[in-house]
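Asks: Since the structure of chain A is already known, use the hints to place chain B on it.
Read top to bottom, the protein sequences are chains A and B. Under my numbering, the first sequence has 681 at position 681, and the numbering climbs by one with no breaks. Under my numbering, the second sequence has 86 at position 86, and the numbering climbs by one with no breaks.
Just so you know, the hints here were simulated from the structure itself, not pulled from any lab data. Hints are not guaranteed to be accurate.
If chains are identical, the list can't say which one is meant, so a pair holds when it fits in one copy or spans any two.
Claimed, not checked - Simulated crosslink set (BS3-like; lysine-lysine; CA at most 25 Å straight-line): (1) K363 with K550; (2) K160 with K259; (3) K648 with K550; (4) K648 with K363; (5) K316 with K259; (6) K642 with K632; (7) K283 with K27.
Protein chains: 2
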Amino acid sequence: MSLILLAIFCSMAALLFAWYQARLVLKESEGTKEMAGIARAIRQGANAYLKRQYTGVAFFFTAMFIILLILSVMGYINIFVPFAYIIGGFFSGLSGFIGMKTATNANARTANAARRSLGSGLRIAFSSGAVMGMVVVGLGLLHLSLAFYFLNNYFSGPDKMQQITTIMLTFGMGTSSMALFARVGGGIFTKAADVGADLVGKVETGIPEDDPRNPAVIADNVGDNVGDVAGMGADLFESYVGAIVSSSSLAVAAGLGMKGAAVPFALAASGIIASIIGTFFVKAGGQEEKSLLRVLRRGVYISSFLMAVMAFFLLKAVFGTGFGGLFSAVLIGLVAGNLIGYFTEYYTSDIYGPTRRLSAIAKSGTGPVIINGLSLGMASTAFPVIIIAIAILSSYYLSGGGDNFNMGLYGIGLAAVGLLSTLGITLATDAYGPVADNAGGIAEMANLPAEVRERTDVLDSLGNTTAATGKGFAIGSAALTSLALIGAYKAQVEALAPAGFEFSLSIVNPPVLTGVFIGSVLPFIFAAMTMNAVGTAAQHIVEEVRRQFKENPGILEGTVEPDYASSVDICTRSAQREMILPTVLGIIAPLLTGLLLGIDAVVGLLAGSTLTGFILAIMMANSGGAWDNAKKYVEVGHYGGKGSESHKAAVIGDTVGDPFKDTAGPSINILIKLMSMVSIVFAAFILQYSIFG
Amino acid sequence: MSLILLAIFCSMAALLFAWYQARLVLKESEGTKEMAGIARAIRQGANAYLKRQYTGVAFFFTAMFIILLILSVMGYINIFVPFAYIIGGFFSGLSGFIGMKTATNANARTANAARRSLGSGLRIAFSSGAVMGMVVVGLGLLHLSLAFYFLNNYFSGPDKMQQITTIMLTFGMGTSSMALFARVGGGIFTKAADVGADLVGKVETGIPEDDPRNPAVIADNVGDNVGDVAGMGADLFESYVGAIVSSSSLAVAAGLGMKGAAVPFALAASGIIASIIGTFFVKAGGQEEKSLLRVLRRGVYISSFLMAVMAFFLLKAVFGTGFGGLFSAVLIGLVAGNLIGYFTEYYTSDIYGPTRRLSAIAKSGTGPVIINGLSLGMASTAFPVIIIAIAILSSYYLSGGGDNFNMGLYGIGLAAVGLLSTLGITLATDAYGPVADNAGGIAEMANLPAEVRERTDVLDSLGNTTAATGKGFAIGSAALTSLALIGAYKAQVEALAPAGFEFSLSIVNPPVLTGVFIGSVLPFIFAAMTMNAVGTAAQHIVEEVRRQFKENPGILEGTVEPDYASSVDICTRSAQREMILPTVLGIIAPLLTGLLLGIDAVVGLLAGSTLTGFILAIMMANSGGAWDNAKKYVEVGHYGGKGSESHKAAVIGDTVGDPFKDTAGPSINILIKLMSMVSIVFAAFILQYSIFG
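Isolated chain A, as found in the complex:
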């Protein structure tokens, strides 16, 4: 229990530190009246969106609450489950909300600080990112550890731990549902605005990005906040919570009891301390992107190192002799995360070969840029898969999976916790990006001197790379967490099933195979749905922008201010409408499979969706990141520079990449975990009513 108290204490420290960083941000001025005005418009748009999203989500959560309540009254689940679902969703939404508030307050301030120097700009943007990072880990760990503390005192009896873990997993299901809405809705909003603005602005009319004459420009900037900040925050909140609850719940099946269940909490707590210390090492050094990247990396690596040291002593203290295997698992997670991050960077940053070659191909035209970007993404899946495969095998066997299956799974869970333990700082480097992006937009719209825009461009380009790395982390952790969740599902079914029940999980067993088939195709269908949604919404934006240009020629001449609000409104409504179906798919698919094909098929489904989801998510994130940076590489003057045919081809590549990397790709992670948790929560129900199994 002292481990849980430690977690409560550290998560409060994270929140305090977030408050301190927010103070740093707010001390800076918003700059000129014009800058403040633009920032206000973005803030209003973002608030309007979030308000509508949360209203829509509230309906969904109410419906799910009622369903869960009925199931709990019928005795299939514990009475705390519906509440845990709501609470998980609430805290996920709250952390997204705080992160977005901070980001929308930091954008103009970052632009203003960049007027002084690059370092000042980086400091403000990074502080804003740190608020997000610390709020996510702080709120995530706090609500889980408080719940754990309470439930531990409340329950007693032999199935106490079983009860507690199911409820803890329901928190995860709540955060996953919320995250899926935030990622999908935010992703549709941001990319519809971005693609729509680019298509008419850059491609058709030839006006630059972030030009105030573009009626979709505010929507585009709002999108950075609702998608890349609020959406990503909810996403990583979910990853963090998912890793902790899944490994914690496996402790019971592994025979480690309360002690083992509390360890993931304590590891997360250590990670918070390591992250806080790490942030102090992020100080702008040189003036160019490479050295800035080094500065950010330094913070992350120092945190990782500290985390490893703390994990060593923590696990030694808890488990005594024989802690080595579990410590190795944590270490494997940390290393795997950083390695996947490195390879993501390698494939998507323009300081390496692949993205540079992609820019060079832009000379041959659009077709080759698309083909090569797609194959770059496909090829980039190899290393992450190998890394995760090695991480699975080694953390499984080192933590004793050879003798005790569940012990091995617990090790995989700890690897996921290890991977995400330093999320406080990795998310800070990641969430800083959209702030820098917005700051650039504001600098452009407020006609700040070219040198300021150049500084924000450097910050923005760096942000693209850290965003890609962050996605690599999220995807890697999702693969490990999903496996741990499959293990948790298996353990849950074994605990609930009538005597004599036996799994028949052979991969050549047709129901399992059928489940794997269905699971494998789901990420593709899900990606198609979300990409189509972006396409449809972008189409509406294109029409709206064209309409405004046509009806009001003064807009392009710069004499009349366009109607920014209408684009924001169109994006909001589209995102609302289109985010429902993909989320429902994630909840219905495992239930239907379970009812029709049985429990074995559900395990197949979860495994299948984890596999293709993992690969597809990496492919989409990396293709998208590479296209974006290849375009930027052309824009700084290579292969013809801005306005050339190469540039046009590269811009189209980026347009295709946008829904890849910011809508479909990152949402897939959440989908696969949501399906696992839905399976776990509804396990008793499925066991009772399945036709086939």
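Replies: Just chain B now, kept in the frame of chain A:
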């Protein structure tokens, strides 16, 4: 044995019928001197390519032969295995060669016949396709049944059937290796030429497709023959052989003995008769695409119906009572193939909504066309996966898999045979496409009247749809065949393994899971490799065409004939170089996985690659088909027609789709089966030397 004699007899009938159809083609004149000249140039290019490809392949086969010979001397495999490997490869190459010879003789004749009427054009092109179809099934079944007959007389003793099936599977491995070379090499050639010709011709210079001024135009037409005829022929030869040998080999494990092993041969023989009868119902009715499609479909449906009737009596005669389950499996295969074909058509033909909507999106620009084409492909995977899942479950359980696992797998194998049994006619409708495409090119280059070109356009557009349907068949059969092969692998290992060996195939067992992970990512890497190869080769073509235009302005003015041979040569060399690595990947991956991670991981690898390979292949084939037809739909006058901005966007979509649908997509099928067969042939070696398992 009488079943085998029946197979020998029917396969000879197929070859005779092919000879008769070839006579029909050759009776037609090649038209004007100009037409004959162009046809000769295409023929020379195609021959030059094939000669070089077969030389390269001969080296590879010799190397593999030596390796297999060493293994057989060491006692790991039977002495017949190396020879079976060579013979399988030889017959696969031979059928591709004959098909291509016919096609390159039929193109100008089709154009000439189209001068008289649409119906005459269809008849010649279809006869040429029928030669291909009948040669593939004839040679495929003939060499297998002769070998079976011989081996059956040669071997005796208790492990006789075991010996025979391993050797039969090695024929499959030979045909798969050959098919992979032909598909990958041919696919690279055809698409590099096509993309290269389009990029400089249509997009940059604005000259029409098949314009004689384009220096890559002959290479483009050669490509249709080496890729879409020889490549596709080898591909379906491999599918056909694979389905027969895998189901035949499962008969032993299922306890059906010789009788069961001979049934797939007899089913294939019935399918030949059904196909021959079906071809007589293909007679041009109306003048438009829809009614032509109906004519082709009529032939296919009549053949399918006849096949079902014959299968009923055949299985009843062989198995007596209790034949119903196996008959259902054959029927399920037939229905599943036609259903997948239907959904492929639905997603890729411009007479249905999805492709029409894709053309409409071309109005919004290139980015949206790409995004929506990709999501169309992703969404189109849902039905085939569901169809295959249902086919697996139902053919498994109906043929008795519930009681006897191997019996169920045999049922799945028979479903694959059922699906492919009417290949004689489905391949005819499929192989007719490239002939029509070539005929159109010749009509254009020889300046035939516009009405002739219009007729060949109708034939060509229809060919796109039948090509897509044919791919659907190939992909569906690959999924079923791969499962049967996984079963055959399992049976093989059980027969070879030392006493006490037990599989541990649970999907949550980490080695299996790791295998699945690696297997899942292989199709992505493979697709990336082949697409990159197309990109690289197309790049060379672009540079060559630009060079010719620049150095010799007379070419564009139409006063100087361009140097056609140089483009053919560039494509040939690129295809040769780039086809090695992907093929080696398919052979090395299962061996390495087996040696490092053990037998269980190999099963995981095969299952994983089948899953993602199946989905990725459908996605790529359908995206590509839809882009192609969306472009054609714009070209006939919708959304601005030829030369409009929509058209430009649609052309780029088609450029991206080309390597999707004609290089990477269809090769994946072969890859997954090759890996299965390699695993089977090397099973004894892996069992001995695996470190882990």
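Asks: A separate judgement is required for each hint: does it hold in the structure or not?
Replies: Going through the hints against the structure:
{"no.": "1", "hint": "K363 with K550", "result": "between (33 Å within a copy, 17 Å between copies)"}
{"no.": "2", "hint": "K160 with K259", "result": "within (14 Å within a copy, 59 Å between copies)"}
{"no.": "3", "hint": "K648 with K550", "result": "both (23 Å within a copy, 24 Å between copies)"}
{"no.": "4", "hint": "K648 with K363", "result": "both (10 Å within a copy, 17 Å between copies)"}
{"no.": "5", "hint": "K316 with K259", "result": "within (13 Å within a copy, 65 Å between copies)"}
{"no.": "6", "hint": "K642 with K632", "result": "within (9 Å within a copy, 33 Å between copies)"}
{"no.": "7", "hint": "K283 with K27", "result": "within (18 Å within a copy, 83 Å between copies)"}
In this structure, none of the earlier numbered hints is contradicted; all agree with it.
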